[in-house]
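Student: So you can see what is in the structure, the chains are spelled out below.
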Amino acid sequence: MPSDHFGPIMLKVNDVSMFFGKVAALSGVSLDVREGEIHSIIGPNGAGKTVLLNCINGLYHPQKGEISFKEQDITKIKTYHRAELGISRTFQKIELFRGMTVLDNIRLGRHIHLKSGILSGFIYLGKTAKEEIKTREFIEEEIIDLLEIESIRNKTVGMLPYGLQKRVELGRALALNPKLLLLDEPLAGLNLEEVEDMARFILDISQEKRWKVTCILVEHDMGVVMDISDRISVLSFGNKITTGTPSEVQNNAQVIEAYLGEEDLYATRR
Amino acid sequence: MNLFIQVIITGILMGGIYALVALGWTLIYKCSGVLNLAMGELTLIGAYVCLTFYMWGFPFLLALLCTVIIGFILGLITERIFLDKLIGEPVLTVIMVTVGLSFFFRGIVEFLFGTDTVIFSPPVFPMKPIDIGGIIIGQVYLWSFFAAIALLLIFVAFFQFTRWGLAMQATADDEMAALSLGVSARFVYATAWGIAFIAAGVGGALLGNINGLNISVGYLGLLVLPAVVLGGLNSIPGAIVGGIIIGVLQNLSGAYLDRFTPGGVKEIAPFIFMVIILLYKPYGLWGWERIERV
Chain A
1 MPSDHFGPIM LKVNDVSMFF GKVAALSGVS LDVREGEIHS IIGPNGAGKT
51 VLLNCINGLY HPQKGEISFK EQDITKIKTY HRAELGISRT FQKIELFRGM
101 TVLDNIRLGR HIHLKSGILS GFIYLGKTAK EEIKTREFIE EEIIDLLEIE
151 SIRNKTVGML PYGLQKRVEL GRALALNPKL LLLDEPLAGL NLEEVEDMAR
201 FILDISQEKR WKVTCILVEH DMGVVMDISD RISVLSFGNK ITTGTPSEVQ
251 NNAQVIEAYL GEEDLYATRR
Chain B
1001 MNLFIQVIIT GILMGGIYAL VALGWTLIYK CSGVLNLAMG ELTLIGAYVC
1051 LTFYMWGFPF LLALLCTVII GFILGLITER IFLDKLIGEP VLTVIMVTVG
1101 LSFFFRGIVE FLFGTDTVIF SPPVFPMKPI DIGGIIIGQV YLWSFFAAIA
1151 LLLIFVAFFQ FTRWGLAMQA TADDEMAALS LGVSARFVYA TAWGIAFIAA
1201 GVGGALLGNI NGLNISVGYL GLLVLPAVVL GGLNSIPGAI VGGIIIGVLQ
1251 NLSGAYLDRF TPGGVKEIAP FIFMVIILLY KPYGLWGWER IERV
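First to last, the sequence lines map onto chains A and B. Position one of the first sequence corresponds to residue 1 (the numbering used here), numbered consecutively onward. Position one of the second sequence corresponds to residue 1001 (the numbering used here), numbered consecutively onward.
If you are wondering where the hints come from, they were derived from the structure by calculation, not from laboratory data. For each residue, glycine too, the CB sits at the ideal point set by N, CA and C. Don't take each hint at face value.
[Said to hold, decoys possible] Partner residues are not named here, just some residues of chain A that face chain B (Cβ under 10 Å, in silico):
| id | residue |
| --- | --- |
| 1 | 114 |
| 2 | 149 |
| 3 | 172 |
| 4 | 176 |
| 5 | 182 |
For reference, chain B alone in the conformation it holds in the complex (with noise of 0.2 Å):
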């Protein structure tokens, strides 16, 4: 049972990161309805933006912090750059460009910071874990899980209350209305982006302290594509939800599936759940049903 109770609370503490990355495609989907499939590699730019302010001798939260102000400048410059001039084209183009921005970045950061595995040394967190009651939490995982549910906060309180967050939903609702409204659609494309380009960098940052850093980080950006599905493509509360369940699903599956096969049911185990999800509820758990009128 503690063996159970463990596997779950880890789970959920990885799910908070997850729910942060996933934040990042929830929120370019909401405004623009286009699945951006570089977010992987944002969250490895993100990852490698931290660990270099962290290496030159920055405290942890400063580097965060730098990570968050380049990864915004990153985020509309990309828009600027690639996606701007795409406004109003149909949405597979602009997916498809994603695509290709997903290589492009992947190269950059191979060609800049190489493709050895590299750790945050010293370690930001201290090693030895906490035991509460029977249950052993490494620190990492609970500060990282502290951090995304706090930026996680931050990012919900933005679309709730401030009318920035409406004229966004507005946008991805109808742009021409919006515009008329007096909306700018490229400052809300851009926001979106630079937000989105912060969720996944510090999200990358909080991955690479677990497990250190290289190019796979990229792939656990990709594996949160499930979570997003799950909670719904436009959904806030459904990204963390949808994030927080599939932490929890990937992690009971490496405990008590991977013993039974040559491993790797950890990563396939999330993306089953999905198929499975999507055939009963095929706009995910709290996705906009397409209301019409007859």
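Next up, chain A with everything else stripped away, as it sits in the complex (with noise of 0.2 Å):
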């Protein structure tokens, strides 16, 4: 798939360096999303793929390099700052509020959007209620039912399943409303049934016109990647090797030689 249909750039990482002591979790890693592609980062463990999101979402802050959203410099810039320009994620190990209902998790996604403050909150009148309204109609008609989890939605998260505790987490991101969304692993330890439909959610996100989102994919599940991708970046060791389609970065020689002892990329997990 030619990459030229794609928008304008819309993050840039450059040259980007992260060391955890003296360990160097990326070193120099440059690459560009662009609007409304589906771009997987793919690499063996501890190839420093979350290091990188972390870097783009804002946990971290790489100690060179810079990152820029929409040709906005964000290295700087708080986690939470970044969350209102647009950034959403989730995270590898499942980062639910536990003790909270469905419906709450995927509320506080709505916080940066709700602009009434704490007098009007509580008189509830006029505007507030008219947000509020908005915001239901938003979660309830929009993500709820895209992601298939209304029979859920008054349950505690924490006694959820894996497998529903991964979608909430995905409806809690998408409920920003996000315009770059970070995803990690977002297939790990579900099972195939789950991966068909997780895969078909992110399709979803990235291509239907409610949404568009671009997505910034990190996963092993190689058949899904490759399937789902629209470019794919390889890392090792800290470095990027490539950047491509697909087709380029399965037949790229120094991929094959990264993933080398793992024989059939394609092969694995599946």
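Since each chain comes alone in its own frame, lean on the hints to assemble the complex.
Tutor: Set out below in structure tokens:
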């Protein structure tokens, strides 16, 4: 698939290095993500994929290099301001608010979009009420519908099976109405059926006119990665090896070398 | 029988104030997992601030309002100076810092206001007790109770019905995820400390009205700890019910047991009760039980 039909560059990672003590988790990684694409980041364990996501998201601050989002330098911006800019994410190890219900978890994602202050929140008239109703409609009709979690909306998250928790986390990330969504191993630990559902959701989010969210996907399931990605970047030991379409990446000699020992790149995990 | 009802009612009224202070504990615990052992000193500071304004000739309500405002500012400052840098550090470290803070605050109070007992004069509330069908209630208790309940209702509404309340719970639950959703953890912590200072301060001002004000009001703040543990450290309704239970219990043991001993039963009864409750309900009455899927 030619990458030309995608929009302008949305996220630019420029020469980013991140050290933990003497260990370089990322050394001079550059890549750009274009509007509308599903951009996967793959690489062996410990390649620095999650570190890169954390840098984009602002949980880590790289010692070197810049990250810009929509031509705005965000390298120094705090995580919660990045959320306001439209960067949202899910986590490798589920980070849900375990004691709250599914609805409350998703509602929290709307936090940044609610403008009314504390005082008007008490009075609950006019604008505030309207805002609340709109929020509810958005959550119930769009997110819950999309992810098919109607039946569990009032359940406490901690009690749900793992696969559903993953879905709720995706819902919460979507509630921010993000422009860029970082997905950190959304398929890990899911069974075959759940993997298919999740892959379908990701495609929906990326392609449906309502959402059109640009996605960065970190994932080990090569079958799905090759199927749904527009472009793939490969990391190995903190260095970027290449970026290209799935077929380009599959035939890249360096990539094959990096995965040496895992023999069948595509057969992994399937 | 009359004595019994009398004791119970006074206990409930006192309990309202305890509940208010208990809320301060719960709040900080809820959003940061830290037991703020300086809570007693916060009540002390609030009481003295209120007293100072009152002595300057402010009407009591206005003095209370000033206490609220100053309490909030002090809370923000405390959080910014002492605790902001500790975000992400082990909880025990932060708890030890609050112990240090308690000595620090106590020292400041003694330094600024002295150690003599002072009273609100002229008395804020009429001295003449109200007689309801044979039950005698001091007006101080009654009005303090109403003030405490009003403030409690405001706080509860804040948590239940505003998104900031939800954001606080979220930060407590999972700080990293809250950050990624655009919740500023620093803002949440600062607000929590601000509100805790308000709750403790108003509670202290009311307690000061009842018994006069000296350094021991700070110990009353600590007495609230059993109420908090009893209710479950992170439950707001728990703190309220716990506060009232402790108030009643304290009064009951004061009325019925104190005469058999040289004294002091009133002070230790709440703690004994706390231990017994914890033996059977380790999370308190309404605390979060840890949900673990295997």
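Student: Check each numbered hint against the structure and report the violated ones by number, ascending.
Tutor: 2
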